[in-house]
Amino acid sequence: KNQVEQSPQSLIILEGKNCTLQCNYTVSPFSNLRWYKQDTGRGPVSLTIMTFSENTKSNGRYTATLDADTKQSSLHITASQLSDSASYICVVTFFSGGYNKLIFGAGTRLAVHP
Amino acid sequence: EAQVTQNPRYLITVTGKKLTVTCSQNMNHEYMSWYRQDPGLGLRQIYYSMNVEVTDKGDVPEGYKVSRKEKRNFPLILESPSPNQTSLYFCASSLGVGATYNEQFFGPGTRLTVL
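Which chain is which? The protein sequence lines are L and B, in order. Heads up: the first sequence begins at 11 in the numbering used here, then just goes up one per residue. Heads up: the second sequence begins at 3 in the numbering used here, then just goes up one per residue.
Be aware that one or more of the hints could be misleading.
25 Å max Cα-Cα, derived DSS-like pairs, lysine-lysine [to be verified]:
no., chain 1, residue 1, chain 2, residue 2
1, B, K59, B, K73
2, B, K67, B, K19
3, B, K20, B, K59
4, B, K20, B, K71
5, L, K111, B, K19
6, L, K111, L, K81
7, B, K59, L, K11
8, B, K67, L, K111
9, B, K59, B, K71
10, B, K59, B, K19
11, L, K27, L, K111
12, B, K19, B, K71
13, B, K20, L, K111
14, L, K111, B, K73
15, L, K67, L, K27
For the record, the hints were derived by calculation from the structure and aren't laboratory data. All values derive from a computational prediction rather than experimental measurement.
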């Protein structure tokens, strides 16, 4: 069964600290993996995208990694800021029935405290 | 400004009273989709549309209808809402589904409460 699992469910860190969020998937055949940031009450916004051949992608203080062999991805946030408080969603795209389809993880809720 | 808009943003209704949530995008995207988001669960796809007049069921289509008569609009219809449809709804659009870089652009969400 195609699944995307994220850990931890929630995380609290102090401002300025680093953190790493995990995403494990069992989706096949894999097309790409994207990390979204969702602020409370808003729609998700794309942070990074990686295809099978890419194993790291950065967007400012956000760095995503992908290990397609173990089907694991991580999102590392450096020098966290209060504005990083949000849910982070891992989305895996796979090819089925002639189309790309999306599987969403449940997300990790991050709270950055001063 | 490129965007996906949804209306209304908040809605409280009663069981059985038909309602429509509108969705519009101004990016000339072919692919549009509706999702619902419930606590502890990931976004779940309700319906999607590949292009005008082409729609298909997602993972949780029961109790919902959609139509795609114009490229920019993709309304979500609840003919007879029930309390288990209380949720946060998102509309999204993307250039297509065949491309590798199929970024979904999400609307601001509609919080629906069915009493």
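Evaluation of the provided hints:
Using a Cα cut-off of 25 Å, the hinted pair K59/B and K73/B holds, with the two alpha carbons roughly 18 Å apart. The hinted pair formed by K67/B and K19/B meets the criterion: a straight-line CA distance of about 14 Å does not exceed 25 Å. Under the criterion of a C-alpha separation no larger than 25 Å, the hint pairing K20/B with K59/B is consistent with the structure, at around 20 Å. At roughly 20 Å between alpha-carbon atoms, K20/B and K71/B fall within 25 Å of each other, so this suggested pair holds.
At most 25 Å may separate the alpha-carbon atoms for a hinted pair to count; K111/L and K19/B exceed this at roughly 32 Å. For the suggested pair K111/L and K81/L, the alpha carbons sit about 17 Å apart, so the restraint of at most 25 Å is met. Between K59/B and K11/L the CA atoms are separated by roughly 19 Å; this keeps the pair inside 25 Å, and the hint holds. For a cut-off of 25 Å, the pair hint linking K67/B to K111/L stands: about 20 Å separates their Cα positions.
With a C-alpha separation of about 17 Å, the suggested pairing of K59/B with K71/B holds against the 25 Å cut-off. Pair hint K59/B plus K19/B holds up; C-alpha atoms about 23 Å apart against a cutoff of 25 Å. Between the alpha carbons of K27/L and K111/L the distance comes to roughly 35 Å, so the proposed pair goes past 25 Å and is violated. Using a Cα cut-off of 25 Å, the hinted pair K19/B and K71/B holds, with the two alpha carbons roughly 24 Å apart.
Distance check on the hinted pair: K20/B and K111/L sit about 30 Å apart at the alpha-carbon level, beyond 25 Å; violated. Proximity of K111/L to K73/B is assessed by CA-CA distance (about 20 Å); at most 25 Å being required, the pair is judged to hold. With a C-alpha separation of about 20 Å, the suggested pairing of K67/L with K27/L holds against the 25 Å cut-off.
When each numbered hint is compared with the structure, violations occur for hints 5, 11, 13.
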